[in-house]
Amino acid sequence: MIKTKVIPLIVLMLFAAGSVFAAKPAPAAAVLNGFTAGDMPYDVGNAAVLRWPVNPADTPDTVYVVYASSLQTGGWLEADRFAFDARTGKDIDLPFWAWNGSADEHAVKVELNNLFGESLPASVFQFKVAAEKGKKVIAESLPVAVTPVGNWFRLDRLNNLILLIVLIVIFFWAVSHAKRKGLFIRRIAGLDAIDEAIGRATEMGKPIFYVPGIGSMSSISTIASAFILGEVSKKVAQYDSQIKVPHYDPIVMTVCKEIVKQSYLEAGRPDSYREDVNQFVSADQFSYAASVDGMISREKPAACFYMGYFMAESLLLAEVGATSGAIQIAGTDVEHQLPFFFTACDYTLIGEELYAAGAYLSKEPMLLSALKVQDFGKLIVMVSAFFGMILVVLGAKFGWTNFVAGLLHLFKGY
Amino acid sequence: MKLIKKHIPLAIVMVTGVLTLVSYYVPNKVSVNYIETLSQWENIVVAFAFLLGLISLFFSHYNKIKRHADGWGYSVFVFVGFLAMVLPAYLSHGKQMTDAGLTPLGWSFKFIYNALSGTMFAVLAFYIVSTAYRSFRIKSLQAFVLFVAAFILILGKVPLGQIIWSSVLGWTGAGVDQVIEWIMQVPAVAGKRGIMIGISIGAIVTSLKIIFGIEKQYMGKD
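Here the protein sequences come in this chain order: A and B.
Take the first sequence: its letter number 296 is residue 296 in my numbering, and every next letter is one higher.
Take the second sequence: its letter number 186 is residue 186 in my numbering, and every next letter is one higher.
These are calculated hints, taken from the structure and not from any lab test.
These numbers come from a predicted model, not from an experiment.
Take these hints with a grain of salt, some might be off.
Stated by the list, open to error - Computed list of lysine-lysine pairs in DSS-like fashion (alpha-carbon distance at most 27 Å, straight line):
(1) K5(B) to K179(A)
(2) K261(A) to K66(B)
(3) K64(B) to K300(A)
(4) K206(A) to K64(B)
(5) K261(A) to K139(B)
(6) K412(A) to K90(A)
(7) K244(A) to K257(A)
(8) K257(A) to K157(B)
(9) K66(B) to K244(A)
(10) K378(A) to K412(A)
(11) K179(A) to K363(A)
(12) K261(A) to K244(A)
(13) K109(A) to K363(A)
(14) K216(B) to K378(A)
(15) K257(A) to K378(A)
This is chain B alone, in the form it adopts within the complex (with noise of 0.2 Å):
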C-alpha cells in the first residue's frame, strides 16, 4: 500500500521533474516534444477539474439555500448568473456573434459580464486612493521615505506639480522629470532586482525540494 501511495507517486514526481529540468538544457526536438506532451497533459487534467470545481460550487451553495445559511440569498444568484450565460450560450450555439450581430450569448457577455467585470476593476481606483491614504501615515523612517518618493510621483504627473516644482526647486537645475526617472531607474530597480534574485533562488530550492521527495507534504503524511 506504502508503495502505491508513497514511492511511486514520489518516483513520478522525481522523474519528470529531473526530466523537465533537463530538458532547460536539451534543445533537441524530443525534450520540445516531452515539454509539449506535459502541457497536453496539463490541459486535460485541467478540464476535469474544472468540472470538480462546478459540482462543488453548486453543492457548496445547493446546501446553504437547504439549510438557509447566513446570506443564503447570495448563493442563489450563484445559479441564476450561471443559467443567464450557459442558456444563452447553448441557444447561440456557443457563438458571440452572427451576420446578424449579437447573439444572446454575445449580448450576456457584452452587457452583463463585461459589465461586472469592469465594475469591480474600476472599484480598484478607489482601494488605491484608501490605500495611499494609509500608507501616507508616517509611522517610521522607512515610510517616511516611501512618502517622499510617492509624493515626487504624485507632483511630477500632475501638471499643477510640475509647475510647483518649478517655481520652487527649479533653482536646483534638476526637473521633476528627471527625478522621477532617476527613482523609476535606480532605487525601485534596484529594490526590485533584489526581490527577483531572492524570489529565483528561493524558487530554485523549493523545486529542488519537491523533486528530491524532501517536501511532500502535499502527498499527506506517514
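Chain A on its own, in the form it takes in the complex (with noise of 0.2 Å):
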C-alpha cells in the first residue's frame, strides 16, 4: 500500500526536479539609478514630477514607461510611455528662473487628475519607471512616494508680475502727476467725431442708434463701452437728441439703464429721460443682429455708434448701418473684427482706444491719467521688443544657445 503511493511521489519529485534544472533562469530586471520624484512646482497640487538620468548606452528601441499607484503597495497604473530620447529636462515648459532642467536627464511630469479623476483618492502616491525593450522589462526603479501640495507663488509667472508692478507704478505716478500739473494727451480723431455725429443727429432730428455689443459685463471691452455710452447720453441729452441702446445682455442693459439716466441727470435734462432708451432685444446673436438691422433700416439713424465686443454681426450692423446713410463709429477689441469696421465705418477705434474713450470724453485728469500709462507701457514695450530683437539675432549669430532661450523667456507668458 505504501509502495503504491511513494513510487508516483518520487517520480513526480525527480520530473518536477528536472523541469527546474531544464528551465534557463530568466535574467532579473537591473535597479533603475537615479531616480527621483517630487510634488510638480507651481501647481494646485495634482501633479508630481519624476527626473531620472539620461541613460547613454540607451539604444532606439529602449521605451520608457512611468507609472503611478494610489495605493501603498501594487495598484499600477500606466501613466507615460515615451522613446528613449523624449521627455528631457529642457522639455518642462518652465522659465531658467522656475526650472532647473536639463538635457542630461529625463523629466516627466504626472498629471494625477488625468490618471484618477478630479478628487485624488489618496494624498501619497508612489512612482516608479521601468525601461523596457521590445516588450522585456531590462531595468525598473524602486517606488518612490510623493505628497502632491498646493504651491502659494507661480514662480513662473514673476516676468509678468514684474511687468504689472511697472506698470502699477507708473499708474499711479501718472494719477498723482494728473491731479498736481495735468497731461497732454493725443488726439484721437474718432472720439473727436462723437460730437460731430451728434450735432448731425440733432439737426436732422433723427436718433442715433448705440450699439454695446454682445459682450457681457464681465467683458473689458463692454465695461469701456458703458463708459463711453455715460459720455455719449450726456451730450444727447445736453442737444436734446434721441439715444436708442439695444442690448443683447441683460445685465449689460442694467448698468447702462444706471448710466444714461445719471447722464441725463448730470446734464440737467432728467425730464428727457425715456426708459425705453436701454432695451433688451435678444440674447442670440443673430436674433441680435437682426433686430438691429431691422431698427436702423426703418428709423434711418443719423449716427450709428457700435462700441464694444462683436463677432460676426460686425458687419451685418455696420453694413446696413453705411446703407442707411448714418455717421458711423466703431469701437472693438476684437482684432479679426477691425477689418470690417474699417471698411463699413466713418471712425474705428483700435483696442486700446476704445478703453481710453470714455477717460478721453469727459476730460478728467485722474481718468486722462491712464491714457498715458497705455502709453508708457507701449513704450516698455516697443523698447523691450527692440533690444530683445537685437540681442536674439546677436545671439543666434554667435551660437549663444542658453543665452537666447533665457531671453525668450522674459518674454514669454506661462
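Two chains, two frames, some hints: make the complex.
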C-alpha cells in the first residue's frame, strides 16, 4: 500500500527537479538608478515630477514607461510611455528662473487628475519607471512616494508680475501727476467725431443708435463701452437729441440704464430721459443682429455707434448702418472684426483707443492719466521688443544658445 | 447714505478685483475655489438678469403695440416668436428629440430657429462683397496697400488666378501661394501683434482704474 503511494511521488519529484534544472533562469531586471520623484512646483497640487538621468547606453528601441499608484503596494497604472530620447529636463515648459532642467536627465510631469479623476483618491502616491526593450523590462526603478501639495506662488509668472508692478507704479505716478499738473493727451480722431455725429443727429432730428455689442459685463470692452455711453448720452441730453441702445445682455442693459439715467441727470435734463432708451433685444447673436438691422433700416438713424465686443454681427450691423447713410463710429478689441469696421464705418477705435475713450471724452485729469499709462506701457514693450530682437539676432549669430533661450523666456507667458 | 451707495460698493470692487488678480499668481486650491465661486455667482446673477431682460423686452413691445407706434406690427412678432418656441418647449418637456423622433420643440428649433439663424449668417456673404467693393476704392496710400494685399489673396485662392499668376509672374520664381503665406505670416501677424499688445496694456490699465476706484462712472457721480 505504502509502495503504491511512494513510487508515484518519487517519480513526480524527479520530474519536477528535472524541469527546474532544464528551465533557463530569467535574468532579473536591473535597478534604474538616480530615479527621484517630487511635487510639481507652481501648481494646484495635482501633479508630480519624476526625474532620472539619461542613459547614454540606451538604444533607439528603448522605451520608458512611467507607472503611478494611489495604493501602498501594487495598483500600478501606466501614466506615460515615451522613447529613450524624449521628455528631458528641457522639455518642461518652465522658465530658467523657476526650473533647472537639463538635457542630461529625463523629466516627466504626471497629471494625477488625468489618471485618478478630479478628486484624488489618496494624498500620497507611488511612482516608478521601467525601461523596456521590445516587451521586456530591462531596468526598473524602486517605487518612490510623493505627496503633491498646492503651491502659493507661480514663480514661473514672475516676469508677468514684474511688468504688472511696473505698470502699477507708472499708473499711480500718472494719477498723482495728473492731479498736480495735468497731462498732454494726444488727439483721437474717432472720438473727436462723436460731437460731430451727435450734432448731425440733432440737426436732422433723427435718433442715434448706440450698439454695445454682444459682450457680457465682465468683458473689458463692454465696460469701456458703458463708460463711452455715459459721455455720449450726456451730450445727447445736452443737445436734446434721441438715443437708442439695443441690448444683447440683460446685465449690461441694467448697468447702461443707470449710466444713461445718471448722464441725463448730470446734463440737467432728467425730464428727457425715457425708460425705453435701453431695451433688451435678444440674447442670441443673429436674432440680435437681425433685430438691430431692422431698427436701423426702419428708423434711418443719423449716427450709429458700435462700441464693445463684436463677432460676426459686426459687418451685418455696420453694413446696414452704412447703407442707411448714418455717420458711423465703431470701436472694438476683437482684432479680427476690425477690418469690417474699418471698411464699413467712418471712424474706428482700435482696442486700446476704445478703452481710453471714456476717459478722453470725460476730460477728467484722473481718468486721462490712464491714457498716459497706456502710452508708457507701449513704450516699455517697444523698447523691450527692439533690444530683445537685437540681442536674439546677436545670440543666434554667435551661437549663444542658452542666452537666447533665457531671453525668450523673459518675454513668454506661462 | 454715501457709505452704502459709494464706499461699500467701491470696497467690494477693490477687494474682489485684488483677490482675482492675486489668484492669477497663486495656484493653490484656495484661489481655484475662489474663482469657481465667483463664476457660480456670476451665473446666478445672469439667470436673474435674464428674467429682467425678458420683462423689459415685453414691456417695450407691449407699449409699442398699445401706442400703435411706427412699425408696431413687428412688435407682434416678438410675442408670436416667443410663443412659437415656448409652447412647443412646454409641450415637449424641454426635450428636442425622443425615440419617436423630433418633438415639437425640436421641430421649432430645426425648422424655425436654425433656418432663420442660417439665413442671417448667409446674408454676411453678400455684405462682405459690398464691403469689399467699398474698401477697394483707392483713396489713399493705405487703401492702395490694402487693395494690393487683398487682390493677391483673392487671386491666389482661385484656380484661374493661380494660372494668371504663373503665366504673368511665373518668371519671378515666387508662387502665389508663397506670396500669400508671406503676407499672412509677416505683415498681417506684425500688425495683429501690435494691436494685441496695445489691447493687453489697455485692458490692464482699465482694470487698474476700476480696481483702485479711479473709474467709478458705472456707479453714477456724487
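Each hint, compared with the structure:
no. : hint               : in the structure
1   : K5(B) to K179(A)   : holds (25 Å)
2   : K261(A) to K66(B)  : holds (25 Å)
3   : K64(B) to K300(A)  : holds (18 Å)
4   : K206(A) to K64(B)  : holds (18 Å)
5   : K261(A) to K139(B) : violated (42 Å)
6   : K412(A) to K90(A)  : holds (15 Å)
7   : K244(A) to K257(A) : holds (11 Å)
8   : K257(A) to K157(B) : violated (47 Å)
9   : K66(B) to K244(A)  : holds (20 Å)
10  : K378(A) to K412(A) : holds (17 Å)
11  : K179(A) to K363(A) : holds (13 Å)
12  : K261(A) to K244(A) : holds (13 Å)
13  : K109(A) to K363(A) : violated (52 Å)
14  : K216(B) to K378(A) : holds (25 Å)
15  : K257(A) to K378(A) : violated (34 Å)
In this structure, the earlier hints numbered 5, 8, 13 and 15 are contradicted, and the remaining ones agree with it.
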